[in-house]
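Asks: Now for the letters of each chain:
There are 4 protein chains.
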Amino acid sequence: MHSVAIVFHSVTGTTRSLAQSIATGVRAEQIEALELEIFGADIQHGRYENTRLLDQIERADAVIFGSPTFMGSVTAQFKSFADASSERWTELRWADKFAAGFTIGSNYSGDQLSTIQYLGVLAAQHGMLWAGLDIAGGYDESGRNRLGAQSGLIACTTDAVVHPVDLQTAQYLGARVARLVKKYHSAG
Amino acid sequence: MHSVAIVFHSVTGTTRSLAQSIATGVRAEQIEALELEIFGADIQHGRYENTRLLDQIERADAVIFGSPTFMGSVTAQFKSFADASSERWTELRWADKFAAGFTIGSNYSGDQLSTIQYLGVLAAQHGMLWAGLDIAGGYDESGRNRLGAQSGLIACTTDAVVHPVDLQTAQYLGARVARLVKKYHSAG
Amino acid sequence: MHSVAIVFHSVTGTTRSLAQSIATGVRAEQIEALELEIFGADIQHGRYENTRLLDQIERADAVIFGSPTFMGSVTAQFKSFADASSERWTELRWADKFAAGFTIGSNYSGDQLSTIQYLGVLAAQHGMLWAGLDIAGGYDESGRNRLGAQSGLIACTTDAVVHPVDLQTAQYLGARVARLVKKYHSAG
Amino acid sequence: MHSVAIVFHSVTGTTRSLAQSIATGVRAEQIEALELEIFGADIQHGRYENTRLLDQIERADAVIFGSPTFMGSVTAQFKSFADASSERWTELRWADKFAAGFTIGSNYSGDQLSTIQYLGVLAAQHGMLWAGLDIAGGYDESGRNRLGAQSGLIACTTDAVVHPVDLQTAQYLGARVARLVKKYHSAG
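Residue numbers (the numbering used here), protein chains in the order written: chain X, 1 to 188; chain R, 1 to 188; chain F, 1 to 188; chain D, 1 to 188.
Treat the hints with care, since some could be wrong.
Unchecked claim - With a cut-off of at most 30 Å between alpha-carbon atoms, the simulated BS3-like pairs for lysine-lysine come out as follows: (1) D:K97 to R:K97; (2) X:K97 to F:K182; (3) D:K97 to D:K183; (4) R:K97 to R:K183; (5) F:K182 to F:K97; (6) F:K97 to F:K183; (7) D:K97 to D:K182; (8) R:K182 to D:K183; (9) X:K182 to F:K182; (10) F:K183 to X:K182; (11) R:K182 to R:K97; (12) R:K183 to D:K182; (13) X:K97 to X:K183; (14) R:K97 to D:K183; (15) F:K183 to X:K183; (16) R:K183 to D:K183.
Read the hints as simulated data drawn from the structure, not as lab findings.
All of these numbers come straight from a predicted model, not from anything done at the bench.
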């Protein structure tokens with residue numbers, strides 16, 4: 001069965017909520033969704049050690065990366081995970097998997113794009129194929145992608161609660177990546 | 001007298017409104033503000049030709065660059081101006097001037113940061129000193145910087161009218177750059 | 001027959017050389033390559049008008065965007081083309097096509113990444129799927145990707161001649177995108 | 001006495017070498033240079049705790065941030081430090097200090113700009129004033145800034161030894177920031 005790994009770090013729980021909605025979207029397309037959370041307990045002196053999680057990513061057909069935007073980019077915890085992926089990088093063992101990204105911040109336009117662009121750089125290093133949001137901001141009938149970013153899902157919370165439209169957009173992103181996996185792996 | 005040049009391209013008039021508010025902020029600090037608009041008529045085959053405008057920038061103590069965010073960055077017209085500045089680049093004739101940037105888009109987080117980061121790259125090429133917004137999003141008593149960007153002023157319009165708080169923030173940015181000019185040129 | 005459009009602006013001819021090598025790589029995979037050059041003559045007052053070229057892109061299965069890095073990003077001429085693509089953006093008529101990017105500059109690390117990231121933002125706005133270079137810098141037996149960028153092809157010229165390894169890497173990028181097209185469109 | 005803090009994380013020692021050359025450049029201008037290294041031992045579960053270092057930054061007139069480029073951005077260890085600076089961010093206690101950045105990677109153009117741009121975003125969040133390299137790549141008589149980046153110092157090492165020209169450029173960057181501090185604080 002095809003699968004999509006959702007790898008994320010959450011501080012207050014809002015990123016986890018987005019990850020869950022993405023997983024819902026993936027599953028709605030009859031694709032397995034793996035919710036892989038990054039925990040501080042796996043980080044020693046700034047180094048992330050969790051071979052099992054890295055192996056799970058390797059078996060997935062697509063990976064959706066997520067982190068809150070904190071001081072202008074992904075959290076240090078997420079970056080620890082990214083750094084740990086360097087072993088797989090030299091052999092390009094994640095190449096040609098689809099990839100996407102999501103983030104949330106406490107402002108509408110508070111450097112979330114910086115986070116998404118970093119996730120894109122990380123995916124490019126691994127030779128992955130980046131899928132953004134194919135919803136032109138302001139042109140969706142359901143109002144999804146309310147903040148208008150397309151390189152990835154940018155969400156905003158002001159009170160530690162995720163906006164329902166952002167959750168809906170997250171679900172859409174999960175479904176989109178799942179559909180890409182189905183479309184492009186049906187050839188076999 | 002010290003002066004701040006505001007160099008911008010405007011399509012619908014909203015960027016011009018922001019430029020005017022920035023100028024108001026500059027003048028409130030008893031510093032001259034030059035509003036220098038980039039016009040399509042000065043562009044032939046993609047090349048901008050207006051030596052006078054480039055000379056005016058050269059005489060200013062600081063430069064604030066502005067453009068709508070269009071298809072993910074500054075407009076082609078603004079880029080034509082930037083390309084034309086290459087002659088001054090090799091001799092670094094704008095070095096050590098303070099610089100700042102502003103942009104507006106029709107979404108809250110629709111790649112405006114990409115525009116601001118480009119303006120920062122342009123300023124860095126010229127050896128300029130980049131000043132962002134020293135207002136932490138969500139922490140200002142007057143509510144300024146409502147979208148939370150700090151690398152530059154990011155505004156958003158949904159109906160071709162600029163939000164009054166964005167204009168207020170623009171005024172603040174102008175005043176900030178003017179104060180930097182006064183502070184750092186009072187030594188001589 | 002499947003096709004890849006290579007859309008580029010060239011100033012000195014080096015970007016055109018890279019485009020030709022990319023086309024060679026595409027054709028080696030038995031996929032049609034369309035070399036679509038952006039000319040200043042099609043730009044009036046900063047606006048690009050060439051419906052035929054935009055239509056050709058629409059019929060292609062993948063698009064590889066290229067521009068020299070000039071004053072920190074794509075040239076104004078390329079940006080005029082990007083701005084003209086906004087009509088297709090609102091309807092997302094290029095969505096789900098594969099996309100990639102290439103650039104060249106006169107320094108090893110002179111903001112070419114800024115250009116590539118802009119091309120990625122443009123592709124994301126169109127809902128395209130971004131493919132970088134799946135060659136870890138320094139780990140290729142043939143020495144390709146000598147500068148080590150992976151988000152796109154970054155080349156460098158010091159004397160208006162393109163380095164043979166950069167041309168070889170360009171050919172590889174064209175072949176890679178062609179293979180992605182073949183792999184992912186064989187399902188139908 | 002005026003001072004410049006150089007805050008960096010080093011993995012193999014090359015970033016430390018650059019930091020030392022920057023310090024040499026600062027001291028040549030009769031300004032105190034503080035070399036503040038970030039150590040993994042101060043990071044617990046991804047969180048950096050070292051109030052003394054943050055206090056030292058607060059007393060400095062300028063801050064030069066440095067990190068190797070690892071998996072496309074600053075190291076997780078550096079990011080832990082950046083995340084820890086968030087307390088000072090809400091009060092903007094580092095505002096109006098000059099800031100600059102440096103990085104090193106094992107490729108000529110392997111995403112070092114992504115690192116520098118992140119450092120710029122971090123500085124902007126703190127309301128700092130960003131100074132890049134005022135040396136146009138290829139136009140310096142001494143050959144400094146051999147890689148041509150200007151948003152910050154980008155260096156490259158292939159054998160864990162820093163290129164002498166990169167060290168020379170680092171020294172220049174330190175001197176430049178020190179001169180800015182002297183020029184702009186002589187007014188008082």
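Asks: Can you confirm whether the C-alpha distance between X:K97 and X:K183 stays at or below 30 Å?
Replies: holds, 13 Å
Asks: Taking 30 Å as the top limit, are the C-alpha atoms of R:K182 and R:K97 close enough?
Replies: Roughly 12 Å separates the two Cα atoms, so the pair holds.
Asks: With a cut-off of 30 Å on the C-alpha distance, tell me whether F:K183 and X:K182 pass.
Replies: Satisfied, since the Cα-Cα distance of roughly 13 Å is no more than 30 Å.
Asks: Given the hint that D:K97 pairs with D:K182, does the C-alpha gap stay at or below 30 Å?
Replies: Given pair D:K97, D:K182 holds - Cα atoms ~12 Å apart, limit 30 Å.
Asks: Tell me if the straight-line CA distance from R:K97 to R:K183 falls inside 30 Å.
Replies: holds, 13 Å
Asks: For F:K97 and F:K183, compute the direct alpha-carbon distance and say whether it is at most 30 Å.
Replies: This hinted pair holds, its Cα atoms lying about 13 Å apart.
Asks: Does F:K183 pair with X:K183 here, judged by a C-alpha cut-off of 30 Å?
Replies: Holds - the C-alpha atoms of X:K183 and F:K183 are around 11 Å apart, at most 30 Å.
Asks: Within a Cα-Cα threshold of 30 Å, do R:K182 and D:K183 meet the stated pairing?
Replies: Holds: R:K182 and D:K183 sit about 13 Å apart, inside 30 Å.
Asks: Hey, D:K97 versus D:K183, does the alpha-carbon distance stay inside 30 Å?
Replies: Holds, because 13 Å separates the two Cα atoms, which is no more than 30 Å.
Asks: Does X:K97 pair with F:K182 here, judged by a C-alpha cut-off of 30 Å?
Replies: holds, 16 Å
Asks: Between R:K183 and D:K183, does the CA-CA distance stay at or below 30 Å?
Replies: holds, 11 Å
Asks: Holds or violated: R:K183 with D:K182, Cα cutoff 30 Å?
Replies: holds, 13 Å
The earlier numbered hints are all upheld by this structure, with none contradicted.
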